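Construct the entire structure; sequences and hints are all you get.
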Amino acid sequence: MKKSIVWLFLVPLCAFSQEPAKSIHTDSSRSPQWTELLSSKKGIPWKVRKAVLHGGKQDGVELIEVDNGSLCFQVIPTRGMGILAVQRDSTRFGWNSPVKEVVHPKYVNLQARGGLGWLDGFNEMMCRCGLENNGGPGKDRFINNVGDEATMDLTLHGKIANIPASKVEVFANPNPPFDIHVKGVVHERMFYGPKLELQVDISTTPGSHTIKLSETVTNRGALEQEFELLYHSNYGAPLLEEGARFLAPVAQVTPINENAAKANESYPSYQGPTAGFTEQVYCLRLNAGNDGFTEALLVNSKGALAAGIRYRVKELPYFTLWKNTSAVEEGYVTGLEPGTNFPRPRNVEREHGRVPKLKGGETRNFELDFFFLTQADEVQSAKERIAAIQGKRKPVVDISPEK
Amino acid sequence: MKKSIVWLFLVPLCAFSQEPAKSIHTDSSRSPQWTELLSSKKGIPWKVRKAVLHGGKQDGVELIEVDNGSLCFQVIPTRGMGILAVQRDSTRFGWNSPVKEVVHPKYVNLQARGGLGWLDGFNEMMCRCGLENNGGPGKDRFINNVGDEATMDLTLHGKIANIPASKVEVFANPNPPFDIHVKGVVHERMFYGPKLELQVDISTTPGSHTIKLSETVTNRGALEQEFELLYHSNYGAPLLEEGARFLAPVAQVTPINENAAKANESYPSYQGPTAGFTEQVYCLRLNAGNDGFTEALLVNSKGALAAGIRYRVKELPYFTLWKNTSAVEEGYVTGLEPGTNFPRPRNVEREHGRVPKLKGGETRNFELDFFFLTQADEVQSAKERIAAIQGKRKPVVDISPEK
Amino acid sequence: MKKSIVWLFLVPLCAFSQEPAKSIHTDSSRSPQWTELLSSKKGIPWKVRKAVLHGGKQDGVELIEVDNGSLCFQVIPTRGMGILAVQRDSTRFGWNSPVKEVVHPKYVNLQARGGLGWLDGFNEMMCRCGLENNGGPGKDRFINNVGDEATMDLTLHGKIANIPASKVEVFANPNPPFDIHVKGVVHERMFYGPKLELQVDISTTPGSHTIKLSETVTNRGALEQEFELLYHSNYGAPLLEEGARFLAPVAQVTPINENAAKANESYPSYQGPTAGFTEQVYCLRLNAGNDGFTEALLVNSKGALAAGIRYRVKELPYFTLWKNTSAVEEGYVTGLEPGTNFPRPRNVEREHGRVPKLKGGETRNFELDFFFLTQADEVQSAKERIAAIQGKRKPVVDISPEK
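Residue numbers (numbering that gives the first Met the number 0), protein chains in the order written: chain A, 0 to 402; chain B, 0 to 402; chain C, 0 to 402.
Keep in mind that the hints were calculated from the coordinates and are not lab data. Here the structure is a predicted model, which means the values were calculated and not measured. It is possible that some hints are incorrect.
In silico lysine-lysine, PhoX-like type, Cα no more than 20 Å apart, as pairs [claimed, not checked]:
1. C/138 with A/211
2. C/41 with B/21
3. A/182 with A/46
4. C/40 with B/21
5. C/21 with A/40
6. C/46 with B/21
7. B/21 with C/21
8. A/21 with B/182
9. C/211 with B/21
10. A/358 with A/313
11. A/138 with B/138
12. C/138 with A/138
13. B/40 with A/21
14. A/99 with B/40
15. B/99 with A/21
16. B/99 with C/166
17. A/166 with C/99
18. B/138 with C/138
19. C/21 with A/46
20. A/21 with B/166
21. B/46 with A/21
22. C/21 with A/166
23. C/21 with A/41
Looking from chain C toward chain A, a few residues come up when the C-beta cut is under 8 Å (computed) [what the hints assert, rightly or not]:
24. 28
25. 121
26. 274
27. 277
28. 329
Glycine included, each C-beta is placed from N, C-alpha and C at the ideal position.
Written out as structure tokens, the structure reads:
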């Protein structure tokens with residue numbers, strides 16, 4: 000008797016507690032399966048590993064993750080050797096884009112939405128914009144195969160962030176400083192068009208807080224070729240917050256449009272997330288120190304977190320500050336963007352003499368350090384370096400956009 | 000002697016009868032290799048299996064096939080969780096599109112052919128049209144990143160049918176009614192654009208003749224966002240045939256254009272395949288029963304086969320009847336399409352107040368039953384349910400298209 | 000003491016000679032991993048093998064390589080059954096496009112750059128242009144789904160070279176002449192659009208110097224359908240060089256534009272690589288011999304190397320000679336291109352009555368031999384065959400382009 004009563008209870012309990020027969024096939028939000036490529040043999044522990052993502056629009060995307068013992072970051076060979084995000088200790092540098100997956104270029108139609116299709120995949124901490132053009136979409140002239148002037152639709156920020164690398168190498172220097180390298184080659188080449196080659200060397204020293212980019216752009220064609228390159232580095236919370244500030248040795252600042260001009264005075268400081276905020280973009284010329292280098296810094300409100308870039312002004316003479324402190328769900332983010340040009344449509348940049356050219360076979364070098372600070376004293380030092388570059392020079396702040 | 004004569008004959012015979020050395024690599028028409036995911040342990044035998052397609056434009060497409068013991072159908076995670084076709088006993092429900100393969104989105108350029116690129120992949124029994132827009136292509140306004148009104152090219156029926164699901168789960172309820180579920184999440188999200196999330200739960204009860212869709216669309220952005228959703232369910236032969244009829248509790252029917260208006264009187268009845276037939280589209284408002292549900296039915300000429308949809312009019316207030324009784328080779332098909340709107344370009348629908356909006360974080364639910372009838376008594380019951388909903392109400396038949 | 004001195008030397012020496020820890024992941028320029036499919040059992044040794052390419056824009060592209068014991072060539076199922084290049088002995092026939100990878104169609108947006116996106120993948124020795132259209136980009140009319148005349152953007156050279164084959168078979172005839180076949184089916188079909196099917200049979204006889212194409216285009220739709228097909232065969236160095244010459248039994252030659260008209264007199268002869276050279280295109284009608292066949296030949300300066308095509312003039316009545324003797328880095332190349340039409344925009348070709356139509360279900364056949372000569376006597380024979388076809392007929396050379 001007793002036994003059957005027990006069963007009466009057990010059966011329904013069992014039924015409700017039982018997991019349904021289940022089979023999860025795809026979940027793009029799950030951590031991928033990593034394969035270790037290289038790791039330290041002694042000294043500071045570091046490792047490099049690789050994964051292929053699955054599910055949704057990220058299916059087939061390759062990531063290479065470098066953990067130098069202090070910084071951990073992911074390079075995306077499938078997306079033109081961009082850098083997805085950087086982690087130092089408990090702080091993640093990068094941003095929370097509404098685009099959650101690492102989108103495979105096969106799902107990006109750059110021409111969609113009036114040339115804004117690039118936005119379908121934009122979520123990196125750092126991606127390159129170029130190489131034939133970057134900046135806003137629009138019509139531009141070019142010489143076509145029959146020698147006639149024809150019209151093309153420039154697409155936002157060009158192709159390079161959506162071209163997979165053709166060659167990728169990972170290696171570690173066995174000698175001091177034992178730096179770890181992820182090298183890649185990305186070709187933006189076509190028949191009757193640009194034949195530009197980007198060579199990327201992303202390196203870091205074990206235990207350091209810096210990612211070094213050493214890059215070249217080469218014109219593999221025989222004829223002179225325009226190009227544009229902009230390093231779109233992007234930060235959201237926790238670094239970006241109300242009271243966060245932008246610091247750099249500024250020579251001149253020009254609002255990109257009337258909307259930015261309205262907020263000219265507060266351009267180096269940030270609001271918290273603000274629903275309905277419209278982007279404010281400032282075109283800056285930075286001063287360089289005696290060594291030709293400049294630094295730009297984003298500091299949180301308490302001066303305890305910062306991300307910075309160090310590079311040669313001669314290599315990247317134009318710096319764009321993109322402020323997009325909109326609602327968190329829309330993408331609360333700011334961009335620090337050194338470039339060969341400002342991100343206006345190429346025809347506009349050409350008129351202002353800001354579209355460089357490469358002769359057939361010519362190469363141009365770009366070197367940038369991205370550094371990630373989580374200690375107040377580190378931040379203080381960086382601020383002092385910027386103050387030292389600036390010296391007594393005063394920035395010119397233009398009231399109106401460039402014509 | 001005799002032996003050598005035999006040989007003389009055997010050698011050439013052998014040579015001619017011999018199959019050539021052969022190696023078939025790719026054949027997109029061959030049945031794929033299936034992997035069983037789940038199956039019944041007792042009771043009505045059912046199973047769920049999975050395959051990845053190869054060859055041609057279907058390379059890499061994933062199918063999940065559910066056989067509930069009575070109905071067998073294929074869900075396409077790679078194409079936004081559409082349903083390819085449904086088999087009940089010896090009857091296949093769906094249609095024979097001139098598009099034979101299950102086309103991978105990487106081969107679809109929605110902007111091709113003046114915004115009609117969607118037609119390169121259209122062959123499902125049921126696919127969703129949306130989410131940012133559905134309906135015809137055309138220019139529409141939107142607010143771009145710099146806060147300006149800009150122009151975009153709407154593409155036919157939007158993106159959702161060509162976005163791969165980011166998360167797919169298959170499970171079976173261990174309790175009565177032991178329903179089998181294929182759940183999926185599809186993100187239509189971009190930076191500076193819609194952040195819409197479609198959650199799909201396609202389920203069926205073992206032995207039943209019904210596929211249930213329980214779905215949500217959520218605005219994951221912070222700002223109010225328009226959306227459009229239309230369930231494009233499509234049937235060809237054998238259900239569709241000369242003398243087949245459409246039945247529904249119709250409140251109002253409006254031809255979409257002059258071509259449809261010419262055939263107003265015969266709108267619920269179908270011709271056989273007719274080369275050169277130009278599509279006729281009717282915009283319908285359906286009456287609901289007391290429970291808020293309506294039903295729409297396509298019945299073959301003898302009343303022995305039918306496919307129907309049951310859903311809440313409040314959730315999907317506009318119903319489109321698409322008649323395309325062209326030649327078999329061109330796609331002999333009709334569409335029963337409940338939607339949040341009619342499939343006219345979004346700017347037109349907006350003018351008529353038929354483009355719903357979701358506040359930031361807001362979710363809307365959609366529940367639909369698709370049922371497949373192969374018995375005359377089942378068909379009769381369905382007809383009676385429609386008659387009961389209609390009651391004594393008479394449909395208004397508009398002579399002319401909406402302005 | 001001595002030991003420590005030794006160490007002082009050994010350590011740096013060791014450190015410098017040591018290879019860094021390294022891991023190469025991707026290198027699109029490395030030879031792929033081949034799998035043998037078929038090979039000769041006796042007689043002339045031949046083999047067929049297959050590879051899938053990795054890295055960059057060629058990721059996922061399938062190649063089938065046929066080595067007939069004399070000629071070795073690669074068929075690209077992923078790119079519409081084009082032929083990448085041909086090797087005979089030490090001579091490579093084909094060209095060095097600035098596009099170095101065998102580009103997967105998922106990376107080609109035909110609509111890019113004002114409809115010139117096809118150029119992102121163009122590097123084959125032979126690719127087909129069509130099937131809905133070929134030739135230059137531009138606007139053309141078509142009848143859309145609602146029966147209205149609509150406008151579409153034609154894209155350069157159409158879709159067929161960027162559609163993966165749906166069915167691929169490799170087989171070898173066990174009987175004389177033991178010919179090796181690579182067959183493929185490529186569908187250019189959509190709903191409310193063309194339903195064209197290309198059946199390809201690429202074959203070669205072991206030890207021969209010829210690749211035979213036996214092909215059909217079928218209209219799988221019910222309605223009459225225009226189509227265009229052009230065989231774009233392309234040669235660079237070493238065959239193309241200063242002093243190389245084009246030979247064919249020419250009935251009429253018309254420059255395609257004013258730029259070509261300027262160089263009318265020297266149209267059959269070639270310059271060396273010339274930076275800044277603008278393409279010169281000539282529209283030719285060729286004479287046929289009594290058997291209906293014609294031949295066209297490209298011969299190097301010494302008459303020791305040649306590549307030729309033999310085909311029926313009735314099948315391909317229009318021949319285009321494309322001269323692009325630009326700098327090596329830009330693509331030093333000439334194209335010998337028999338077609339159903341000249342490569343002007345389809346609307347122009349239609350006006351001149353050069354766009355053929357297929358009735359529903361109708362098939363048209365195309366047979367072409369591509370031959371590759373590396374012996375002076377072979378070249379001499381080919382020249383003599385052309386002279387014999389021409390006989391005493393004189394070519395008409397038009398001074399001006401067609402209106």
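Against the structure, the hints:
For the hint pairing residue 138 of chain C with residue 211 of chain A, the CA-to-CA distance comes to about 48 Å; that exceeds 20 Å, so the pair is violated. Our distance criterion of 20 Å between C-alpha atoms is met by residue 41 of chain C and residue 21 of chain B, whose separation comes to about 16 Å. Note on residue 182 of chain A and residue 46 of chain A: the hinted pairing holds, with a Cα-Cα distance of about 16 Å set against a maximum of 20 Å. At roughly 13 Å between alpha-carbon atoms, residue 40 of chain C and residue 21 of chain B fall within 20 Å of each other, so this suggested pair holds.
In summary, the hint linking residue 21 of chain C to residue 40 of chain A is supported, as the alpha carbons are separated by about 13 Å, within the 20 Å threshold. For the hint pairing residue 46 of chain C with residue 21 of chain B, the CA-to-CA distance comes to about 12 Å; that is within 20 Å, so the pair holds. For a cut-off of 20 Å, the pair hint linking residue 21 of chain B to residue 21 of chain C is broken: about 41 Å separates their Cα positions. With a C-alpha separation of about 11 Å, the suggested pair residue 21 of chain A and residue 182 of chain B falls inside the 20 Å cut-off, and the hint holds.
Note on residue 211 of chain C and residue 21 of chain B: the hinted pairing holds, with a Cα-Cα distance of about 19 Å set against a maximum of 20 Å. Under the criterion of a C-alpha separation no larger than 20 Å, the hint pairing residue 358 of chain A with residue 313 of chain A is consistent with the structure, at around 18 Å. Between residue 138 of chain A and residue 138 of chain B the alpha-carbon distance is near 17 Å, which keeps this suggested pair within the 20 Å criterion. A threshold of 20 Å between alpha carbons decides the hint, and for residue 138 of chain C with residue 138 of chain A the separation of about 17 Å falls inside it, so the pair holds.
Using a Cα cut-off of 20 Å, the hinted pair residue 40 of chain B and residue 21 of chain A holds, with the two alpha carbons roughly 13 Å apart. Pair hint residue 99 of chain A plus residue 40 of chain B does not hold up; C-alpha atoms about 38 Å apart against a cutoff of 20 Å. Restraint check for residue 99 of chain B and residue 21 of chain A: not satisfied, since their Cα atoms lie roughly 32 Å apart, outside the 20 Å limit. Simply put, residue 99 of chain B and residue 166 of chain C have alpha-carbon atoms about 13 Å apart, close enough for the 20 Å limit, and the pair holds.
A threshold of 20 Å between alpha carbons decides the hint, and for residue 166 of chain A with residue 99 of chain C the separation of about 13 Å falls inside it, so the pair holds. Pair hint residue 138 of chain B plus residue 138 of chain C holds up; C-alpha atoms about 17 Å apart against a cutoff of 20 Å. For a cut-off of 20 Å, the pair hint linking residue 21 of chain C to residue 46 of chain A stands: about 12 Å separates their Cα positions. The hinted pair formed by residue 21 of chain A and residue 166 of chain B meets the criterion: a straight-line CA distance of about 13 Å does not exceed 20 Å.
Only pairs whose Cα atoms come within 20 Å are accepted, and residue 46 of chain B paired with residue 21 of chain A is accepted, the gap being roughly 12 Å. Pair hint residue 21 of chain C plus residue 166 of chain A holds up; C-alpha atoms about 13 Å apart against a cutoff of 20 Å. In summary, the hint linking residue 21 of chain C to residue 41 of chain A is supported, as the alpha carbons are separated by about 16 Å, within the 20 Å threshold. Nearest Cβ of chain A to the Cβ of residue 28 of chain C: about 7 Å, under the 8 Å cut. The hint holds.
Here the hint on residue 121 of chain C is kept, as its CB sits about 5 Å from the closest CB of chain A, short of 8 Å. Here the hint on residue 274 of chain C is kept, as its CB sits about 5 Å from the closest CB of chain A, short of 8 Å. With a least beta-carbon distance of about 4 Å to chain A, the hint placing residue 277 of chain C at the interface is held under the 8 Å criterion. For the restraint placing residue 329 of chain C at the interface with chain A, the shortest Cβ-Cβ distance is roughly 5 Å, inside the 8 Å limit, so the hint holds.
In this structure, the earlier hints numbered 1, 7, 14, 15 are contradicted, and the remaining ones agree with it.
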